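Novice: Mind docking chain B on chain A? Use the hints.
These protein sequence lines map, in sequence, to chains A and B. Each residue of the first sequence is one higher than the last, beginning at 0 in numbering that gives the first Met the number 0. Each residue of the second sequence is one higher than the last, beginning at 0 in numbering that gives the first Met the number 0.
Simulated from the structure, these hints should not be mistaken for lab results. One should not assume that every hint holds.
Not everything, but these chain A residues come out facing chain B in the computed CB check (under 10 Å) [to be verified]:
1. GLY38
2. LYS69
3. GLU150
4. SER201
Listed below are the simulated DSS-like cross-link pairs for lysine-lysine, each with C-alpha atoms no more than 30 Å apart in a straight line [as the list claims (entries may be wrong)]:
5. A:LYS69 with B:LYS72
6. B:LYS122 with B:LYS95
7. B:LYS73 with A:LYS69
8. B:LYS4 with B:LYS73
9. A:LYS69 with B:LYS122
10. B:LYS4 with B:LYS72
11. A:LYS176 with A:LYS69
12. B:LYS4 with A:LYS69
13. A:LYS69 with B:LYS95
14. B:LYS95 with B:LYS73
15. B:LYS62 with B:LYS73
Quick caveat, the model's predicted, so the values are computed rather than measured. All C-beta atoms in this analysis are idealised placements derived from N, C-alpha and C, irrespective of residue type, glycine included.
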Amino acid sequence: MRPGRALVSLLISLWWAVLSYGQEPPYFVTYSHDLEEPGNLEIAVKSAQGTPKYGNFFIGETLELEYGAKGWWTTEAYLSGQHTSHDSTIFTGWRWENRFRPLFREHFINPVIYVEYENLNLADRSLLEVVGHDGVADMRLSNAQGRLETERSLEMKLILSSNVRGWNIAENFITEKDLNESEPWEFGYALGVSRPLALSASAHECTFCREHFAAGAELYGGLGDLNGFGLRATSHYFGPTIGFEIPRGPTVSFSPNFGLNDNSMGVIYRFKISYEIEQIFGRLHWSKP
Amino acid sequence: MTCRKRIRLSVSTAFLLAALVSQAEAPWTNRLSEADRRRSNPYAGQPEAIAAGSRLFADHCAKCHGEDALGRKKRPNLRSREVQTAADAELFWMLKNGNLRHGMPSWSSLPEEERWQLITYLKSLGEYQGNGHSGTEKEKANK
Chain A
0 MRPGRALVSL LISLWWAVLS YGQEPPYFVT YSHDLEEPGN LEIAVKSAQG
50 TPKYGNFFIG ETLELEYGAK GWWTTEAYLS GQHTSHDSTI FTGWRWENRF
100 RPLFREHFIN PVIYVEYENL NLADRSLLEV VGHDGVADMR LSNAQGRLET
150 ERSLEMKLIL SSNVRGWNIA ENFITEKDLN ESEPWEFGYA LGVSRPLALS
200 ASAHECTFCR EHFAAGAELY GGLGDLNGFG LRATSHYFGP TIGFEIPRGP
250 TVSFSPNFGL NDNSMGVIYR FKISYEIEQI FGRLHWSKP
Chain B
0 MTCRKRIRLS VSTAFLLAAL VSQAEAPWTN RLSEADRRRS NPYAGQPEAI
50 AAGSRLFADH CAKCHGEDAL GRKKRPNLRS REVQTAADAE LFWMLKNGNL
100 RHGMPSWSSL PEEERWQLIT YLKSLGEYQG NGHSGTEKEK ANK
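Bound conformation, chain A alone (with noise of 0.2 Å):
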């Protein structure tokens, strides 16, 4: 990746943090089973920036709305754009997407339950999760070609994750079925574990603090379908990832994932900055005389 690209990527999420701040985990790909906060709303974007090997460099961005209906769901929407260089940007898609907390209380694993809908052109570069026989030869399609096909598709996880003396432990297991062709499940999972780089909070106030930090790493591909289930012809990916949260501001995030075998990229590297606005409704509702 060229520097002047990553620069400009970089400014562009840095534009979107003055819109939008916030505080998240550092995992791209993998959810753990905490949720939104009922009430609140986080404002996110996503990059997924990288260079397929006889392809073009790409950033797909991802504009993410996430709030807290109940203390047991949360609702997300999305919006996806990329960039592709020699090419040209296009719009790809939405999801909406919500999360489901069926124990009521803490658990040594804790079971979430995942169920999105897609509306996404095959020129989507979000690559906010890998399943089935998703692959490097997917980035290589042209903008003209990917936006011809929209696929709808419904996407559900299962969401196990352990929160233990600090550190976070979470299983993703994902299916996906594409609804507007007769195409086989196709199966995916996420694995990622983090923990603050401090278990408790300094007395006085600080910004480069090291409870602040969070680092972990994320193992994330796909697991074929349901006429070929395994690792032949799959992708795979493992990086670690780090995130800063600046005390009342924005969450910052990054992460480079590594491509595990040959069907996968060389290199995705992952920018996310988020913000968090406290009860949203609440506060338009209290603002009235």
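Specialist: Chain B alone, transformed into the frame defined by chain A:
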């Protein structure tokens, strides 16, 4: 399925539902296990922990419970007698589990040390019933 089996199944289902509902509606302090109750606050009364807890409270709790912890709208007053006389272990349990049905999120993502610091700060505030338990009523009283 015979009629007798159906009746048995209905009765046992009714008992199970009744048990679940009564459990759900029981006071939260009744839901702790013995192991939960045995926990003790390693930071109790420490000024450093109170200062750290104050910062954590401002970041995570004040938006719902108010900067003065006296509650806002339906969000409870954390300086009420019920909270201030609760054992630290009981408050720790509430922070860990939340009350998802009634809007209190689980704070299990906060490290245990930070949760104890928060409780140390809360306990340092002392009891204050105010004028009812809601910020709205308090505001009315101030006017």
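Novice: Determine for every hint whether it applies to the structure shown.
Specialist: Right, here's what the structure says about each hint:
no.	hint	verdict
1	GLY38	holds, 8 Å
2	LYS69	holds, 7 Å
3	GLU150	violated, 33 Å
4	SER201	holds, 6 Å
5	A:LYS69 with B:LYS72	holds, 16 Å
6	B:LYS122 with B:LYS95	holds, 17 Å
7	B:LYS73 with A:LYS69	holds, 14 Å
8	B:LYS4 with B:LYS73	violated, 45 Å
9	A:LYS69 with B:LYS122	holds, 28 Å
10	B:LYS4 with B:LYS72	violated, 49 Å
11	A:LYS176 with A:LYS69	holds, 27 Å
12	B:LYS4 with A:LYS69	violated, 39 Å
13	A:LYS69 with B:LYS95	holds, 17 Å
14	B:LYS95 with B:LYS73	holds, 21 Å
15	B:LYS62 with B:LYS73	holds, 13 Å
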